[in-house]
Amino acid sequence: MSLTSGKKTTARQRVMICEDEVIVAMDLQMLVEEFGYDVIGPFPGLREAFAALGSERPDIALLDVRLKDGEVFPLADRLRDMGVGLVFQSGHVYDDEIHAKYPKAGCCLKPISPAGLRSALQSAESLSTA
Amino acid sequence: MDDKHRQHAEGAEGDKERLCIVGIGASAGGLEAIREMLTEARSASNLAYVVIQHLDPNHESLLAELLARHTELRVRQASGGEKITAGNVYIIPPGHGLSVTGGVLNLTEFAQPRGLRRPIDDFFESLALDQGRFAACVILSGTGADGSAGLRAIKEHGGLCLVQEPATAKYDGMPTSAQGTGLVDFVRRPEEIVAAIEQFYALAFERTADRQLANTVEAHLEDICGVVRNFVGHDFSGYKKSTLIRRVQRRIQVLDLADASAYLKRVRSDSKECEILFRELLINVTRFFRDPEHFERLRELAVAPLVRGAGNEDEIRVWIPGCSSGEEAYSIAMMFADEARQQKRSTRIQIFATDIDEQMLRIAREATYPQSALADIPEGMRDLYTIALDGRFRISARIRDMIRFSVHSIVRDPPFSNIDLVSCRNLLIYFGDQLQAIALPIFHYALKPGATLFLGPSETVGRHDHVFAPLDQSARVFRRNNGRPEYPLHLRAAQRGAPQGRRHAAEDSEPPARLDWQDSDVAERILAAYAPPTLRVTPRGEILRSTGRLGKYLEVSPGPESENFAPSLARSGVREALSAILRQVARGNKRTISRDLRAQSEFGVQAFDLIADPLDDGSILLVFRERDRFEPLEDDAYEDLDPTDSHVQSLEHELRDTRARLHTTVEELETANEELKSSNEEMMSMNEELQSTNEELSTVNDELKSKVDELSVANADLTNFFASTALPLVVVDSKMAIRNFTDAIQSIYPFRGTDRGRPLAEVTSSLRRNEEVLQAIGEVMRNGELRQMRVSDRAEDRTWSLVITPYRSRDGDLNGATLVFTEVTDALRLETALKHEGERLRLALDVSGLAVWECDPRRGTVMLDDSGCALLGIDEHRLPLDRMLAPLNEDSRDAVRHALDSSLESGTPIDVVARLNGLGAHARSIQMVGRRIATPQAERVLGVLFDVTEEQDAKDVREMMLREMNHRVKNMFSIISGMVRMAGRQADSVPDLVDGVQTRINALARSHDLTQKTPRGRKFGLEDAIRASLEPYCGDMDLIPGGPEVPVATQELTSLSLLLHEWSTNAAKYGVLGHKPGRLEVGWTREGEIVELLWNEIHDGRVKPDDGAAGFGSTLVQLSAVQLGGSVSVEFGEHERRMILRYVPDER
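Heads up: the protein sequence lines correspond to chains A and B, in order.
Read left to right, the first sequence gives residues 1 to 130 (the UniProt record's numbering).
Read left to right, the second sequence gives residues 1 to 1148 (the UniProt record's numbering).
Because the hints were derived from the structure by calculation, they are not lab data.
The C-beta atom is built at its ideal place from N, Cα and C for all residues, glycine as well.
It cannot be assumed that every hint is accurate.
With a Cα cut of at most 27 Å, we get these calculated DSS-like pairs of lysine-lysine [stated by the list, open to error]:
| no. | chain 1 | residue 1 | chain 2 | residue 2 |
| --- | --- | --- | --- | --- |
| 1 | B | 1104 | B | 1076 |
| 2 | A | 104 | B | 970 |
| 3 | A | 101 | B | 1076 |
Computed, partial: chain B to chain A, Cβ under 10 Å [as the list claims (entries may be wrong)]:
| no. | residue |
| --- | --- |
| 4 | 588 |
| 5 | 590 |
| 6 | 980 |
| 7 | 1052 |
| 8 | 1122 |
| 9 | 1123 |
Using the sequences provided together with the hints, build the complete structure.
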C-alpha cells in the first residue's frame, strides 16, 4: 500500500523513507514531497522496506536508525550496495557507527529541520549513482 | 758438589721474584724461637719457610696451629706433594722426614732408629741440591748437632746459613755446633733472622746486573787469588772459575759491599777476611761413607784384594789427598780394619791423609764427630771402631793410629810414592782443567803399578784414561797401568822456591822423611849388613821393629807372641842393662849409653855398648855397638854359677811371673773395662735416645703449654658466659648427673653449687611434666638426635621451648646432653593473639567475599587464598603471575600487569576491574585492589579481590537505559516537531492548531501513562489502550469493549493511540460521542495472528456514507495502520459506521 500522493513524473527523484513513528513519518513524507521528490514508503520496519525493494528502486533513502523490527543497517547496506544515496536521521546515539560504516552518508539531527533535510537530500542526490 | 744442580741454580739467576726457600731446623726450645722468628716474617716477600722440628713420632703435632696465631703467613703441616710457594710455612709432620725436589715437598721415612735421626741435615742437604743458592738454612735452639752437616751442604751450593745467637737459645747445642763449623753467615737473635735473610736476597736480586758483578769479580779474581796466595800460601788460580766467582760473590753479598774492587781492598787489609775467604773457597761436603755403594765396590775391588795379598811384612799404603775434616780417611781406615778382621789377617796399613787447610786437619786429628754422623757408618763398624762420648763419638785409637794427617798440597808439594790406593773424592771438581791435568799424573806417579785410584762420583780421569783403566766406571774405581812412574816435572819451581806462609809446620816434613828411610833398599841393606843392630821398642820394652843381626843379644824362645818384650828376650848380660837403660830413658827422655857390657850366648861372649835414643813418637831406639871381637865359647869352659847372677835371674824370673800375672789381671781388667765400656756405650746411646725423647717431649710440653693457655682462656670465656647469660642451660653427663648449669636455670631447677654431680632426677623442678623431660633426655642420649619440646611450669604461667642436644666428646662419643630453655611465654601470648586476629580477619574477609592475594615480584609468583582460587577458578594457592592472569581476558591482563608494575615502581595503589574470560553477559568481573608493602627482606604487593559482576551488570544496564531514554526523548521531540508541523499545515486558526496539537500530545501522554501504570506482571493490553483513548469522551459512559486479550508492544502504542485518538475525536466531533445520538461499540476478535478491531458507531439516525479518505485525520489513521503493519477499512450500514483495523500484533 502506498500513501504516495500527487502525480508521478519520471524526472522526479524517488526517496525511500523508513520511519516507525507515525507522526514523524507523515511529517517527513510531507516535507520530502514539498521538496519535490517522490516518496517510497514510509516503511515502519525492515520487513516492509525489503519487500518494497523487490519492486522499487529509490534514488535516495531517508532512514531512521531504529525501526520497528530492528536497526536499519542491513537495509542501509543493501541500499548502499545498490548505489542509493543515504541520509540518516540520527539522535546522536549511533553517530559514530554511521560515520564508520557509511562515510558518504548524510545525517540529519532529530528533530528534523526542513532546511537541513533539504540540503542533506540534495547532497545525497548528487552522490546517488542511479 | 754436583755440577748439574749448580747449573740449574745458576740458570734461574735472572728471575727477580724467584722463590727462596728457608729451611728452619729446631729442636728443644725451638717453638719459642720459631715463633719469634716468624712473627717478623711478611707474607708479601718471596720467601717460603719449611720448619724441621724434632717431633715425637707418636704424638700429634700442634705446631702448625700454634704458629699460625703468631704470623701472617699461611702455616700448614706438610703432607707430601706440596709445591712450595712464597708466603707459606710448611711444618714437618711427626714420624716423617722431609725432602724437596723440584720445589715440591716429599715425605720420607726414617732409616735410622730414634736418637740417630737427623731430619734437619737430611732436609738441608736435599734443599741445597734442589735450590742451590736460593736455599737458606736457619738453625735454632736445640741440643745435639743436627743441622751442622746440612749447613755445610747449603753453603757448598751457595746458599745462606743463619744461626740463632746461642745466648738467646734455650738450648744452645745446635746453634753452637753449627757455629763451630765456621761456615755460618749470620748469627742473629731470632727476631732479626728474617730481616737478615731478606737483606741478603734483596741484595742478590737488586743486582739485576748480577752478571755484571760476576764480571767485576772475574776481573779481580786474579788479584784476589794473589792476596790469598800470599797470605795462606795456597794458589786458587787454577781452580774452577765459576766456583771461585760464586763464592767471592757470596762474600761480597754477606759483607754488603758495592763491588769486587771494594772486596779486594777489604781482603788486602783484613787478614781475617782473607782467612774466611780461604775457608769459604774450600767448603766441601764430606761425610762418612759418602756414596756407600761406591765404597762397597771399592771394598770389593781394592781393599779386599790388598788385604788378602799383603804379606806379614808388607805395608799397605793409602793416600787421601784433600781429606778435609777426615771422614773419608776414617771411612777407608775402618774399611781396611774391618776387612782385615774378617779375613783374620794382621796387616800393616798406613794411611796418609792430607789437606791444605790446617783447621780442617785439626778437626780430623781430633777424631770426634757429632753423634748424628754415626748413622753414616755401617752398623757393623759402629760398635767396633767408635767410642761414644757425650753427644759425640770418637773414632777408636786403633783406627786413628792407622792414619797420619798432614798439611800437604798435591799440586805444590812432592807426592807420596809406592801407594796402593789413592782416594781423592770431590777435589778434582773444584780444579780447572789445568790443575786437573797436573793432578792425575801426580796420582800416577804416587801409585804402584796396578794400584787403585778412587774418585768422586762426578769426577773422571779425563784424557788420562790410557794410564787409568776403569775397574768400575760408575763407582769411579780405576786401576793404574804398569807404566813406569814419571816424576811430575811440572811441580813448579817457582812455587817450590817460595814456600811462604805458616803452612809448613814440622809435621809437614816428617812423614816423607821417614818414608824415605824406610823405603830405600840400599838403606835396608846398610842397616841389615853394615850398621849396628838396632831395636825400636816402646818405653815398656815391647819390640816395634828391629834391624841388623841381633842373635847375639836376643834369645828367641818358643812362647806366646806376647813375649815380645826386649827384656824378656835379652840374653844374659844384656837383660839387666836393657831394663835399666829403658827405665832411665823413659824417665829422663835423654840419649843414654851403657858401656862395657857383655852379652852371653850359647856360643860365646860379645862385648858391646848399649845406646838408648828416645825418639819423637815416644818409642826408644836401642843400638848395640860392638866393642870387641866375639869370643867363642869353649865346650868345656863352663862358667860357675854366679850366685849373684842366679839370684838376680830368679828375681827376674819371679818378676816375669808377677808381670805375667799382672798382665793377666790387666787383661782381665781390660776385658772388664771393655765390657764396662760397651755397657757405657749402650748407656750413652740410651741416653742419646732419652735425650731426643726428652727434646721431643719438651716440644710437646711447649705445645701443650700453649694449648693449656688457650684452654684456660676458653674456659674463662665459658665461665663468664655461664655466669652472664640469661639463658637457662643445664649440661648433664651420661648418667644424667648435673655437670654444669647457668645461673638463669634457677627459675626451673633450684640448683645450688653443690648440686653438681647429683642426678637431675633428684632435683625438684618447677616443671609440670618433669618426667617427660627426663625421658626425653634419655632418648637423646640413646639415639643422638636433637629433641625439641615445649614445657611449662606447674601454674602454666610460663612456657619454655626446650632444646635437648646430645653432648659429644671430642672423639664423637655421646657423653651426655645439653638442655637449653628458651622462654616463649610472651611469644605464645603473642601467637594466640595473632591467631585470634587472623580468625577475625578471615571471618571479615569471608563475609565480605573478599579474597586476599599477595604477589612476590622477585619470583613472579602470586599467592591466593581459598576464596581467591574460587573467584578465579584456579586450584593452586601459589602460582606464577602469568597463570593467575590466564583466566582474565586480554585487556584486563594487560591492565593488571601494568598496575602491578607501576605499583612496584612508584607505589601507586592498585585498583583494577578485570573481566574474566567468558561469553558475553556471563562474563564475571572482579576488582583487584592492592598496595606495595616494603618489608626489610623484600618488596611485595598485597591486596584483595572481590566479585563486582553485579555492580558491573547494573552499570551496563544503566548505560543501556540512558541510551534508550535519550533515543526516546529525541524521538519524542521529533514526534512533537512533526506534529506541530503537520498541525500547522492543517489548522485554520491558532486555537485550532493548539487544540489539535494538544489533544494529540495528551493522547500520547495518556498512552505513555498507561505503560507506566500497568500493574507489574500484567501486560499492557489492547483493552487498556482503548479505554485510555475513550476515557475523556465517555466519562461514565457504559462502554464495554470486549474481546480476547491482546498485548500491545511499546512500539505499537504510539500508532495505536494516535489511531484510536483520531477515531475518538472524530466520533466526539461528528459522531455518537458528540451531539449525535447513538452509541459506540468497540470489540475485537482474533483469528490466528490477525487481530480484527471493530469500531462501530451506531447512530440513531441514518448514516450518510462518505469516502472517509479526506482530511489529515484520515491520513494519520492510514499511516498509523501501516505503522502497525495492518490496514484500516471503513464500512457503512444504514445506521452504522464501522471502522475495522486488521493487524498482526507485535508479540516478540
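To see whether the hints hold, each was checked on the structure:
1. B:1104 to B:1076: Within the cut-off at roughly 13 Å; holds.
2. A:104 to B:970: OK: residue 104 of chain A and residue 970 of chain B at ~24 Å, within 27 Å.
3. A:101 to B:1076: violated (57 Å)
4. 588: violated (157 Å)
5. 590: violated (157 Å)
6. 980: holds (9 Å)
7. 1052: Check passed: Cβ of residue 1052 of chain B comes within 8 Å of chain A, closer than 10 Å.
8. 1122: Holds: closest Cβ of chain A sits about 6 Å from residue 1122 of chain B, inside 10 Å.
9. 1123: holds (4 Å)
Hint compliance for this structure: hints 3, 4, 5 are not met, and every other hint is.
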